[in-house]
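Going line by line, the protein sequences match chains A and B. 1 is the number of the first residue of the first sequence in UniProt numbering; add one for each residue after it. 1 is the number of the first residue of the second sequence in UniProt numbering; add one for each residue after it.
Treat the hints with caution; some may be incorrect.
[Said to hold, decoys possible] Here are the simulated distance ranges between beta carbons:
id: 1; chain 1: A; residue 1: Ser191; chain 2: B; residue 2: Val200; range: 26 to 36 Å
id: 2; chain 1: B; residue 1: Ser140; chain 2: A; residue 2: Ser69; range: 48 to 58 Å
id: 3; chain 1: A; residue 1: Ser191; chain 2: B; residue 2: Ala183; range: 14 to 24 Å
id: 4; chain 1: B; residue 1: Ser64; chain 2: A; residue 2: Pro239; range: 57 to 67 Å
id: 5; chain 1: A; residue 1: Gly22; chain 2: B; residue 2: Glu8; range: 38 to 48 Å
id: 6; chain 1: A; residue 1: Thr200; chain 2: B; residue 2: Ala31; range: 41 to 51 Å
id: 7; chain 1: B; residue 1: Val131; chain 2: A; residue 2: Pro276; range: 28 to 38 Å
id: 8; chain 1: B; residue 1: Arg76; chain 2: A; residue 2: Gln97; range: 33 to 43 Å
id: 9; chain 1: A; residue 1: Pro125; chain 2: B; residue 2: Ser60; range: 52 to 62 Å
[Claimed, not checked] One-sided and incomplete, this derived list gives chain A residues near chain B with beta-carbon spacing under 8 Å:
id: 10; residue: Pro21
id: 11; residue: Ala122
id: 12; residue: Val126
id: 13; residue: Ser136
id: 14; residue: Pro140
id: 15; residue: Gly234
id: 16; residue: Val262
Simulated from the structure, these hints should not be mistaken for laboratory data. Fair warning: this is a prediction, and the values are worked out from it, not measured in the lab. No residue lacks a Cβ here, since even glycine has one placed at the ideal position from N, Cα and C.
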Amino acid sequence: MRALEIVSPGSLALVQDLGRPGYAHLGVPPSGALDVDALRLGNRLVGNPEDAAGIETVLGGLAIRAAASCTAAVTGPPVAVSVDGREMGSHTPIPLQPGQKLTIGRPATGLRNYLTVSGGIAVPPVLGSRSTDVLSGLGPSPLEAGTTVPLGPVSGVPSGADVVTASPAPPELTVPVVLGPRDDWFADAASALNAQWTVTAESNRVGVRLDGPPLRRVSTVSNSELPSEGVLTGAIQVPPNGLPLVFLADHPTTGGYPVVAVVRRASLGALAQARPGTLVRFHASF
Amino acid sequence: MRWRRYGEHAALLDCTSLEEMSAARATLTQAALDGVEEIVPGARTLLVVASGGALEAARSLLASADLSHPPAADVREVVLDVRYSGEDLALVAEDAGLSVDEVVTLHTSAVYTVAFTGFAPGFGYLAGLPVELQQPRLSSPRTRVPAGSVAIADEYTGVYPRESPGGWRLIGHTEATLFDPSAEQPALFTPGLRVRFRSV
Numbered sequence: 001m002r003a004l005e006i007v008s009p010g011s012l013a014l015v016q017d018l019g020r021p022g023y024a025h026l027g028v029p030p031s032g033a034l035d036v037d038a039l040r041l042g043n044r045l046v047g048n049p050e051d052a053a054g055i056e057t058v059l060g061g062l063a064i065r066a067a068a069s070c071t072a073a074v075t076g077p078p079v080a081v082s083v084d085g086r087e088m089g090s091h092t093p094i095p096l097q098p099g100q101k102l103t104i105g106r107p108a109t110g111l112r113n114y115l116t117v118s119g120g121i122a123v124p125p126v127l128g129s130r131s132t133d134v135l136s137g138l139g140p141s142p143l144e145a146g147t148t149v150p151l152g153p154v155s156g157v158p159s160g161a162d163v164v165t166a167s168p169a170p171p172e173l174t175v176p177v178v179l180g181p182r183d184d185w186f187a188d189a190a191s192a193l194n195a196q197w198t199v200t201a202e203s204n205r206v207g208v209r210l211d212g213p214p215l216r217r218v219s220t221v222s223n224s225e226l227p228s229e230g231v232l233t234g235a236i237q238v239p240p241n242g243l244p245l246v247f248l249a250d251h252p253t254t255g256g257y258p259v260v261a262v263v264r265r266a267s268l269g270a271l272a273q274a275r276p277g278t279l280v281r282f283h284a285s286f
Numbered sequence: 001m002r003w004r005r006y007g008e009h010a011a012l013l014d015c016t017s018l019e020e021m022s023a024a025r026a027t028l029t030q031a032a033l034d035g036v037e038e039i040v041p042g043a044r045t046l047l048v049v050a051s052g053g054a055l056e057a058a059r060s061l062l063a064s065a066d067l068s069h070p071p072a073a074d075v076r077e078v079v080l081d082v083r084y085s086g087e088d089l090a091l092v093a094e095d096a097g098l099s100v101d102e103v104v105t106l107h108t109s110a111v112y113t114v115a116f117t118g119f120a121p122g123f124g125y126l127a128g129l130p131v132e133l134q135q136p137r138l139s140s141p142r143t144r145v146p147a148g149s150v151a152i153a154d155e156y157t158g159v160y161p162r163e164s165p166g167g168w169r170l171i172g173h174t175e176a177t178l179f180d181p182s183a184e185q186p187a188l189f190t191p192g193l194r195v196r197f198r199s200v
């Protein structure tokens with residue numbers, strides 16, 4: 001059987017593909033890889049369709065043993081990748097023989113690396129996706145040492161043609177956002193969002209939590225409650241304490257706090273790579 | 001009705017009432033426009049996610065629709081058998097100034113509509129709770145509410161699809177399966193569905 005054995009999951013290793021969009025009206029979060037571009041790139045490098053499932057790690061530490069010949073790649077922030085102790089590098093296709101062990105080091109910047117393998121991780125899909133949704137519990141459990149995950153049939157040729165430059169995650173981010181739908185709940189929303197925010201350690205796949213100068217509500221809604229409304233990935237929700245939370249892929253499908261702005265999709269991957277302590281400013285446009 | 005921008009690929013329709021939102025949802029759902037990726041109802045809003053020109057198509061469709069006569073596409077109704085023995089049933093009766101039997105009679109005599117979902121896969125916010133039973137959620141949420149718990153909070157009633165924390169007042173229990181991701185219809189409660197409860 002084509003498979004991988006998980007030798008060590010590191011601090012957190014989850015199966016992720018492009019998620020299960022289209023079920024929000026049933027209360028099902030989209031889930032899926034947080035750094036979508038990194039997963040897509042990894043799949044291209046090993047000859048998979050871009051939507052194949054890989055393994056998303058947090059701060060590296062994942063070690064796997066190949067149970068069959070396969071091609072692997074590690075994407076995300078630059079990170080050391082070794083096979084049986086020999087350094088191979090990230091962002092490049094790596095051939096693995098049965099029994100060989102691949103280990104991902106700890107990235108110097110960023111949070112999430114992606115291990116993709118030819119054939120893709122082939123655990124059974126749930127609602128069309130193999131992603132683990134940490135909020136709703138859908139999809140496979142977090143990977144544990146000693147478990148074996150199946151690989152799918154190889155469908156394409158590993159691509160060496162991608163010119164890949166791995167970019168480190170920056171210590172400061174400027175994140176473009178579109179104001180609304182509830183920017184009118186806040187005093188001078190655009191400039192308030194442009195303050196210096198710090199990513200906190202409470203951040204996870206549900207959302208990036210930020211600390212900084214609290215957003216102030218305008219007096220007309222200072223004691224109002226918002227009836228629950230739909231939320232999307234990238235929505236910046238502001239609870240009564242004024243500290244924003246940017247929803248990531250495992251967000252609840254509806255919420256009762258106002259969304260002041262929405263992060264532009266192209267910047268979500270960078271935000272998902274932001275370690276606690278990263279400085280963030282939101283730049284609003286209309 | 002007012003549209004609000006929601007990022008690059010979505011818009012939020014602010015409605016004046018739950019009825020107007022439900023009519024807009026039914027109209028848009030039945031139209032099945034190409035490029036509309038999600039239609040997410042809220043208590044007073046409809047969130048529409050779309051690609052290409054589909055957002056503009058949805059706007060013009062709703063601008064010209066007669067929302068006082070929405071399509072009656074999903075008048076499906078389900079009846080759930082409930083054992084009314086919830087941990088908060090006595091509290092609900094006391095706060096309402098009613099007997100437990102009167103609470104059960106009121107809860108089973110209403111016809112509910114799944115207004116919107118959220119909180120967990122398969123959890124529906126059911127509108128239509130009699131005014132006499134509208135009570136706030138518990139001041140201190142439970143860390144563990146059993147699957148199948150029938151509960152009320154504010155203007156809604158609902159059923160916990162699986163064990164989870166929760167702050168709604170528990171009045172009963174049903175054996176019905178609310179969410180099964182392997183089923184062809186994974187959620188029993190879909191927006192627009194009518195629901196009644198029967199005491200067993």
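Hints, verified against the model:
| no. | hint | result |
| --- | --- | --- |
| 1 | A:Ser191 x B:Val200: 26 to 36 Å | violated, 59 Å |
| 2 | B:Ser140 x A:Ser69: 48 to 58 Å | holds, 57 Å |
| 3 | A:Ser191 x B:Ala183: 14 to 24 Å | violated, 49 Å |
| 4 | B:Ser64 x A:Pro239: 57 to 67 Å | violated, 38 Å |
| 5 | A:Gly22 x B:Glu8: 38 to 48 Å | violated, 18 Å |
| 6 | A:Thr200 x B:Ala31: 41 to 51 Å | holds, 43 Å |
| 7 | B:Val131 x A:Pro276: 28 to 38 Å | violated, 47 Å |
| 8 | B:Arg76 x A:Gln97: 33 to 43 Å | violated, 56 Å |
| 9 | A:Pro125 x B:Ser60: 52 to 62 Å | violated, 36 Å |
| 10 | Pro21 | holds, 6 Å |
| 11 | Ala122 | violated, 17 Å |
| 12 | Val126 | holds, 5 Å |
| 13 | Ser136 | holds, 5 Å |
| 14 | Pro140 | violated, 12 Å |
| 15 | Gly234 | holds, 6 Å |
| 16 | Val262 | holds, 3 Å |
In summary, the numbered hints that this structure violates are 1, 3, 4, 5, 7, 8, 9, 11 and 14.
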